[in-house]
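Chemist: The residues making up each chain are set out below.
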Amino acid sequence: MRVLAAMSGGVDSAVAAARAVAAGHDVTGVHLALARNPQTYRTGARGCCTLEDSRDARRAADVIGIPFYVWDMADRFHEDVVDDFVAEYAAGRTPNPCLRCNEKIKFAAVLDRAVALGFDAVVTGHHARLGPDGLLRRSVDMAKDQSYVLAVLTREQLDRSMFPLGDSTKAQVRAEAAERGLAVADKPDSHDICFIADGDTRGFLAGRLGEAPGDVVDASTGAVVGSHTGAYAYTVGQRRGLHLDRPAPDGRPRYVLSITPKTNTVTVGPAEALEVSRVRATRPVWTGGPRPATPVECEVQLRAHGDVVPATVDLDGDTLHAELRRPVRGVAAGQAVVAYRPDPAGDIVLGSATITG
Amino acid sequence: MLDEALEAYVATAREVGNASSLHAAGRRARRRVEESRERVAAVLGARPSEVIFTGGGTESDNLAVKGIFWARRGNGPDRRRVISSAVEHHAVLDSVDWLVEHESAEVGWLPVDAAGRLDPDDLRAELTAHADRVAVVTAMWANNEVGTVQPVAELAAVAAEHGVPFHTDAVQAVGQVPVDFAASGAAALTVTGHKLGGPTGVGALLLGRDVAAVPLLHGGGQERDVRSGTLDTAGIVAFAVAVETAVKGQQEYAARVAALRDDLIERVRRAVPEVVYNGDPTDRLPGNAHFSFPGCEGDALLLLLDAQGIACSTGSACSAGVAQPSHVLLAMGADDDRARSSLRFTLGHTSSQADVDALVAALPAAVERARRAAAPRTPRLTPHPPTPRPPPVPGPLRRTPSIMKLLPRRSACRADNFMIDGVAPGGPTGWCAG
Numbered sequence: 001m002r003v004l005a006a007m008s009g010g011v012d013s014a015v016a017a018a019r020a021v022a023a024g025h026d027v028t029g030v031h032l033a034l035a036r037n038p039q040t041y042r043t044g045a046r047g048c049c050t051l052e053d054s055r056d057a058r059r060a061a062d063v064i065g066i067p068f069y070v071w072d073m074a075d076r077f078h079e080d081v082v083d084d085f086v087a088e089y090a091a092g093r094t095p096n097p098c099l100r101c102n103e104k105i106k107f108a109a110v111l112d113r114a115v116a117l118g119f120d121a122v123v124t125g126h127h128a129r130l131g132p133d134g135l136l137r138r139s140v141d142m143a144k145d146q147s148y149v150l151a152v153l154t155r156e157q158l159d160r161s162m163f164p165l166g167d168s169t170k171a172q173v174r175a176e177a178a179e180r181g182l183a184v185a186d187k188p189d190s191h192d193i194c195f196i197a198d199g200d201t202r203g204f205l206a207g208r209l210g211e212a213p214g215d216v217v218d219a220s221t222g223a224v225v226g227s228h229t230g231a232y233a234y235t236v237g238q239r240r241g242l243h244l245d246r247p248a249p250d251g252r253p254r255y256v257l258s259i260t261p262k263t264n265t266v267t268v269g270p271a272e273a274l275e276v277s278r279v280r281a282t283r284p285v286w287t288g289g290p291r292p293a294t295p296v297e298c299e300v301q302l303r304a305h306g307d308v309v310p311a312t313v314d315l316d317g318d319t320l321h322a323e324l325r326r327p328v329r330g331v332a333a334g335q336a337v338v339a340y341r342p343d344p345a346g347d348i349v350l351g352s353a354t355i356t357g
Numbered sequence: 358m359l360d361e362a363l364e365a366y367v368a369t370a371r372e373v374g375n376a377s378s379l380h381a382a383g384r385r386a387r388r389r390v391e392e393s394r395e396r397v398a399a400v401l402g403a404r405p406s407e408v409i410f411t412g413g414g415t416e417s418d419n420l421a422v423k424g425i426f427w428a429r430r431g432n433g434p435d436r437r438r439v440i441s442s443a444v445e446h447h448a449v450l451d452s453v454d455w456l457v458e459h460e461s462a463e464v465g466w467l468p469v470d471a472a473g474r475l476d477p478d479d480l481r482a483e484l485t486a487h488a489d490r491v492a493v494v495t496a497m498w499a500n501n502e503v504g505t506v507q508p509v510a511e512l513a514a515v516a517a518e519h520g521v522p523f524h525t526d527a528v529q530a531v532g533q534v535p536v537d538f539a540a541s542g543a544a545a546l547t548v549t550g551h552k553l554g555g556p557t558g559v560g561a562l563l564l565g566r567d568v569a570a571v572p573l574l575h576g577g578g579q580e581r582d583v584r585s586g587t588l589d590t591a592g593i594v595a596f597a598v599a600v601e602t603a604v605k606g607q608q609e610y611a612a613r614v615a616a617l618r619d620d621l622i623e624r625v626r627r628a629v630p631e632v633v634y635n636g637d638p639t640d641r642l643p644g645n646a647h648f649s650f651p652g653c654e655g656d657a658l659l660l661l662l663d664a665q666g667i668a669c670s671t672g673s674a675c676s677a678g679v680a681q682p683s684h685v686l687l688a689m690g691a692d693d694d695r696a697r698s699s700l701r702f703t704l705g706h707t708s709s710q711a712d713v714d715a716l717v718a719a720l721p722a723a724v725e726r727a728r729r730a731a732a733p734r735t736p737r738l739t740p741h742p743p744t745p746r747p748p749p750v751p752g753p754l755r756r757t758p759s760i761m762k763l764l765p766r767r768s769a770c771r772a773d774n775f776m777i778d779g780v781a782p783g784g785p786t787g788w789c790a791g
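Here the protein sequences line up with chains A and B, keeping their order.
Each step along the first sequence adds one to the number in the numbering used here, with nothing skipped, and position 330 is 330.
For any residue, its number in the numbering used here is found by taking its place in the second sequence, counting from 1, and adding 357.
No lab work stands behind these hints: they were computed from the structure.
Remember, predicted model here, so these are calculated numbers, not experimental data.
We put the beta carbon where it would ideally sit given N, CA and C, even for glycine.
There may be inaccurate statements among the hints.
[To be verified] Partner residues aside, some chain A positions facing chain B, computed with beta carbon under 10 angstroms:
#, residue
1, 25
2, 28
3, 31
4, 59
5, 62
6, 68
7, 69
8, 70
9, 72
10, 74
11, 112
12, 113
13, 114
14, 117
All chains should be built: construct the whole structure from the sequences, respecting the hints.
Modeler: Structure representation (structure tokens):
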């Protein structure tokens, strides 16, 4: 097959490209330039988006022996991921930009362009399994599993995707990179949002949305217990950085329960008030195939690397309801609920939807 | 690299000797350098003392633009205006920009017409308007992207009427078209090795005997005190061989390559009727063919042709490797889409009829495919709505005075900045990869 390898400059995508070559495919490497100013998304090689990453990707392609190009996806990325990220926070939700990037950029804009140019598939270094049965499964390396951020992909997108790393642990990938002579073998993992320098999400949002002072209200008393400079800077479940004026009457720590953009209010309360047993979500995508017969007994995951909870998932039109077997804390609107079917050969992704409440 | 140049390089590199040393080995090296200087001077219509060896075209351009600016301003503080054109190579453009940003220079950008050609009357008007304040005029001999050859002698004559030194970047011209420094009337001329079969990293600035330039590099005082640094004897010798070979063979080379190029143009036009041929139809470099392919993205075409062993260029790329819309085409009045749809095919010494045949055979399918890749497709694999593209950068009007309008170059790389200092990370972390 003619395969386009999306190469971030990190170790995973480099090994994925090398494996695609080893599997006999005709591979072309592409680095996606996502930053409008590549020198400023990151000030050092952190996994994507810097000049150093672009160079690392190019060097990996040299070593693997494949053609290499840089594709300018900066405008698309800015509109579909960065602007969306800001708008979601402004609306009181907590977006997942990596998931959005997969949905809109890597497996949409890039894949579409690749197919139009005569490629059969896109190969990436995501840690997830996609076997001949077409089902998306968790990686064997649970600590690195990325099936959560791939669960937005449709059958059609998955049919043109290859994830050669799903059967390997990160340690195995690094060892293989070293064996193959890839200089990125011991490059540190990326951990933060690639377009936010220093990982300062709050500062980034403040720069985009400006200051908008408002009240912090305690849910149990209705009393104003503090102030904030922008409700967008808070995430459901957050405890640190609340700077409350006075301790709660019960003397226990307070967490963000909800954000109300309309009144610019951040509501806080005790930990148990965070507990949620029912989750409502919209825009369901059935990753593994057609819409399953509902209600379906499965497991759900409500944020990246979050706990996995048994649940019953049901559909009401375009709305998905998940009835959780045990309550979960810190469920934020804007994140994805991903449904898995436990399987000895790797838990299978059934689908996902965006949490609304 | 030409065989003759490579052999001369290797033979010289085996010898020991610093050309600035006084002992026998040093004198031998110096003799090689001076012989090379004479060879370069002889074929380019300069005096030997006018040949300043440098580290290549970029250095020569920087030395000419900044060095002459500094020297002229040193003799008259009001002389801080630079006149240049919007289609220059970045070595000139960015030197001029640097002078504006750091040396309070002002700049007059000369426009080009739709073929990328400068009009000497525009230069005359600029010089008349700013008579005593102009430090230096710089305009290239031939354009590296669209191949248009400028009326250099006329431009130099206009500059001479006003007593202003005229520099020309002739990197693309030497060996391709006749170049005679003295006959051109230029005060300074840039030439470099790798464009004519010599080594990379060696070039020269031809600098008139009576033209002062403040050095960029200070040190041992080599090269008329204008360019310090131990002389790269082997590189200089190879460079001189290459210059001599290229200039002596220029006529024959140009005739052969231009015939191939004309055949290429004719057949590309037949194979892809909607193609737009860019640049001056007659006054152009013999090996240059430059087209816009409406509805295609140049980098997609490049990828498709590259896969078939056909090398072409989209123009320049930013430091991350992203293809940029050509500032030359934008200055010629092309819009952003047309600039991005353009490709340059360069023919040279090794090009053959078979190469042209291969290109013409591969092109129609590649164009068709690139067009599909660029067009919004329905149905897409994915249900996302088409993202509205930002409005195109408005094409520059003729005589647009502002550099920002003329040169939206690198705008994609300079437009935004997300650097935010601070701590206290919040929000989701940890999954981006691929």
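Chemist: Which of the numbered hints are not met once you compare them with the structure shown?
Modeler: Failing hints, ascending: 1, 4, 5.
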